[in-house]
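Using the hints, put the two chains back together into the complex; each one sits in its own frame.
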Amino acid sequence: MKRFSTATRVLSVAALTIMGAGLAGCGGGGGAGGSTAESATTAKGPIKIWYSNNEFEVKWGKAMVESWNAAHPDEKIDAQEIPAGKSSEEVIGAAITAGNAPCLVFNTAPVAVPQFQKQGGLVALDSFPDGAQYIKERTGDLADQYKSTDGKMYQLPWKSNPVVLYYNKDIFTQAGLDAENPKLGTQAEFVETARALVKSGATANAVWPSPASDFFQSWFDFYPFYAANSQGAPLLKDGKATFDSEEGKQVAAMFETLYQENLASKEVFQGDAFGEGKSAMSLAGPWAIAAYKDKINWGAVPVPGSEAQSDGSTFSDAKNVAMYSACENQGTAWEVMKFATSKEQDGKLLADTGQMPMRQDLPATYADYFATNPLYTQFAEQAGRTVEVPNVPNSVEIWQTFRTAYAKSVIFGNESVDAAFTGAAEKVNQLAAQK
Amino acid sequence: MSLRSADGGAASGQTAGETAGRAPERRPEARKRKNFLGRQPLGLLFSAPYVIYVLAVLAFPLGYAVYISFHDYFFTAPRVKVDRPFVGLDNYITVLTDPAVQRSFANIGVFLVINVPLTVGLSLVLANALNRVTKLRTFFRVSYYVPYVTASVAVVGVWLFLFQQNGLVNELLGPLAPNPSWLVNSWLAMPTVALYVTWKQLGFFILLYLAALQNIPDELYESASVDGGSKWVQFWNITVPGVRSASVLVTLLATITGANLFTEPYLLTGGGGPDGASTSPVFLMYQKGILQGNPDLAAALGVVLVIGVLLIALIQKRLVGGKED
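Heads up: the sequence lines are chains A and B, in that order.
The first sequence begins at 66 in the numbering used here and counts up one residue at a time.
The second sequence begins at 782 in the numbering used here and counts up one residue at a time.
Bound conformation, chain B alone (with noise of 0.2 Å):
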């Protein structure tokens, strides 16, 4: 007889009597195996893809990464013996005194800057605008969208023809015209890519404050509309509280995709030009742990920007999420 029909019966058909004798003994087992497992045991087995893609696509290289930072590190063929003798933070000083790498946490540090707002206001302010579209609502979503899609490689020639030397903005500016042009200009190439970047991605964010916007009863604009509030104040004291955890989360992934910004400097000043004006902490990773088999100097740098983007987001949350959480 298996267990599940012995249990099944102590259940269904057995006497009280049998059942308050017999429970004594099974009760410590049975608590024993529902405390390891916990409540649910099944849970486990459902979240246990998740939790072995989490450990092994992002705990694990993480970790990894954290002990190639304290070592005199560089990838090898197998079998290769090599000493990899511990190294402190040795690491981390070579990386954080390089004025490359300063410069370049400075140039995200305006891309972000720059990127973050823009894209939350932009992207709050064009989503309510789609909200109350009637017509053409579809094309414009889609248009809006399409751009995150595309690949950058495609689009950054549309920029490139945009803002070169002799590009149609400049073309419209005339005399205006910077001079070194947007993207070969120092102080201009970082607030360029921060824009492409903006505009690349709208689309996504738009679309996240659209499902958030569904949420808002539209008996607080109605109420609101009663009292006489003007569409500026329903905007600012119904919608933009409404939808302040898709903005925490706006906030939040801005950061984190602008902080790993790569291929946008990578594409559209030729790596981080001009003379490394928009050179990103990521690019410099690429450059010294691939191109230049230094990955300890990379992953030292990487957990520095991975810590620097959790205290500025753990800030963010706290400015834009208010007391929500």
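This is chain A alone, in the form it adopts within the complex (with noise of 0.2 Å):
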């Protein structure tokens, strides 16, 4: 038998002995230490922000910065685009984990809070004074959307991009359908305008919303299509999901419709199959308008319910600001997110990014620059009626459980479409009542 030698022995505890104390050390235990909760919300000084890596964004970011910092020598803003990762949301949570969160992150999305709050990485913006008023005043009802279950607002809305039809009037043209009016008024006249589409050889993808199973690709396919459908329905209401249902499935059933009769493609598109006229029509918010403005002869319609409808609901596809645990002077924090999100700093958001602040009454809050921009008055119109993803622990697994159901059932055809959404019912529910 082999014997180990003395020195390969110590080596072997010390090895033990360093994972031991790593492991304890990770353990998350150990005292509170720092500033306790109530002055940290009052503490000033120098603060971290994180924004998005969207050139448009990164344009506003830095001149917010700049505005904040002249104003405020001690309590300069040190701002950066997101690392890059995979996606900004598991940046933001590994940055929790090992504690170096900024205070800010002007672009955290409403999906990933609850999980951020199950990290203990969030602050209740309810614990400062003016917390609660203030975003009640700015955005009114719709924030009641992004209220924790625990009834604590741990994300300010910020702005969203209500997603809505967009088609090539190009491609309509030359399947001879009339671009100005298109027929889009009701789930049954997308049918078969994708139909007449796709029959007259103008294009060989009438639709092609991307069918890859990632958590988040329902928001831009069945998604907008169910809110339009159920008056705003989210996926779950009062923990329960809403989808296993008459408007869910006649959902469900219309791109079931588009697969079969190959109207959408079932591969995966590397890139934007609209912005390179590869498909005829897509579901985007008014971020795209900045994107197709020298690329597509576009237009865009309300996302069409089963019905004609002159109010339909659409998805938010939100982007929140909310404040990290990190945070040492999260006074500071509060102020800034406060100036941030100022009726002033909305308007240049807007006028930068083309992105709606989520604020009450936005088409008469800046009616000056809808005049001059006439394109993005329908979302303006349409930003006080949409669906957020439902503010739910396991959000991101609910999301999943869903997507793999819808891909099992309506993209691939190897299930039934009531067998799926039932059986993901089920299980969205019990995710839904886990802590």
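Keeping only pairs whose Cα atoms sit at most 20 Å apart, straight-line, the calculated EDC-like set for lysine to aspartate or glutamate is: (1) K113/A to E140/A; (2) K492/A to D879/B; (3) K183/A to D853/B; (4) K500/A to D871/B; (5) K183/A to D864/B; (6) K492/A to D279/A; (7) K500/A to D864/B; (8) K500/A to D853/B; (9) K862/B to E393/A; (10) K492/A to D871/B; (11) K127/A to E409/A; (12) K343/A to E952/B.
Read the hints as simulated data drawn from the structure, not as lab findings.
Pasting the structure below:
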């Protein structure tokens, strides 16, 4: 039998000790340390913030920071783009665990908030004396969608990208369809138009939503249509799945038809199929106006419901501002939050990015902007009728469960929609009930 | 006077009597030190950087993953106090009874069955051919190596161009093209991914075989030739046994990298599509651990994967390596 030398044994013990110490260190225990919650929320001083790497938002962010820093030399903002990663949420989650998250992230996805909250990574904005009031006054009733299950507000509703149905006017004209008044008022008309487009040979794909299995892909195929079909029902209401319903199955059947009749591709497209002229229609928000400006002769209509309607809902595709618990100068961070979401800064955000600040009565607040930029008016009107992802525990897992069931039944036809949606709804209900 | 000079004096200038008189006092101490530090204490110093690297980057994370897999665990901000109770095998049971996990292991099985033999066979044959090429040798070697060093994200575009519904392969196949097409066909998606990975990594394995081929003495081929052995006989009886150690290495590396498959299905089939037909265990670990905040389940899955790969590697080493070691 091979014998270990004394050195090997000592090294092994040292390694185990190091591992043990590491495990203890990572155990999440330890005293609270640092300042109390009350003093943290009033502490003033320099802070760090992250914003999106979208070029338009970077432009806005830099100007906002410059403006704040000029007026607050003792409470300067150190700003940077969110570090690169597979997604912003992964990077932020890792930063929370490492304890080096910035004070504010101006691109916090609502779907990630329950997880960040569970990690102890967020500061409840209600802990500031004027926190709840500020949010309510700025955003109105829409803000209620962002309240967490403990009744607190861990995110400030910032900007939305109400999803609408874009269409390529040139392809419509080529297919002999009326490009100025397209028949896209109902879901039945949408399918008929899709058939006409492909049958004419003007395009191989009437629409090309990503068939990928990522949990968030349903926000850009099923969910906007479901919102339009259900007067703005979220995926879950009162902790129970709502999609296993007549409205949900109607939307599923519509997409099933599109895939079965090869009006939509089941393959992954590397890039933006609509932006590259590979499909005639697409679901996107107002951010796309700048992207399509010089590439596509586009038009846009509200996402159709099963019946024609003038006040249908859609998915908000919002990004919010959240304050992270690693922040030492939370008093300053809260002031920056209010400054960056003031009427003036929201106006600049709108002008620089075309995204809709989540303010009450947006069209009237920035009437001059919308008068000179009429393309954005329909998004401003739609912004008041948006549905968010439900703020419930296991949010990402819930969306993944739904996406898997949707892909299995609707896209690839390996199970009936009824069975898939019923099974998914049961699992989703269990996940939502967990802490 | 330093100890070193005293020792030096003892070794060089002292009388035998003096040495004999002092030696018994020092010997146990010196032996003790020698036993503790080994026969070459300097070796410990030289190996320390790698040992520390292995402990910090491999041993600690692995040990920590095992710890996580037995607890109800999620990542928290520092100073956040949460209970992380010991849950025994619960995470393992949850993971192993999950149909998506079971399917991912089946998928990776299909992948390995296609990828490993193909990698070993093709790289050996191509390395043998490249070893005999006299003209454009560097060009060919670089050509095979380029895909290996190119990022998957970049090369995937080429494969999508080839294997999509309206891609070049289906154009060439005409009516024989599969329906649904390669990457959205439940039966063909994983084999297509396996082909892609084989092609992409071939250059590296060819290099390993090329190195091994240099160690086979030419005299063996000359003797075989004199005895009338055909090229095939030479290949089968001299080359194949001559590169056995390389074959073991290629098999093990192909298995390990294959079992850790992530990027290729993520990019080629939209994250394991169609309907989970190309999902890999590592992709599920990413989903559960990073996206869904369940590192305990991801760790359990990772431990199962490590054990599985070790078992397969052990079997492969026995089968391919023969009595070599």
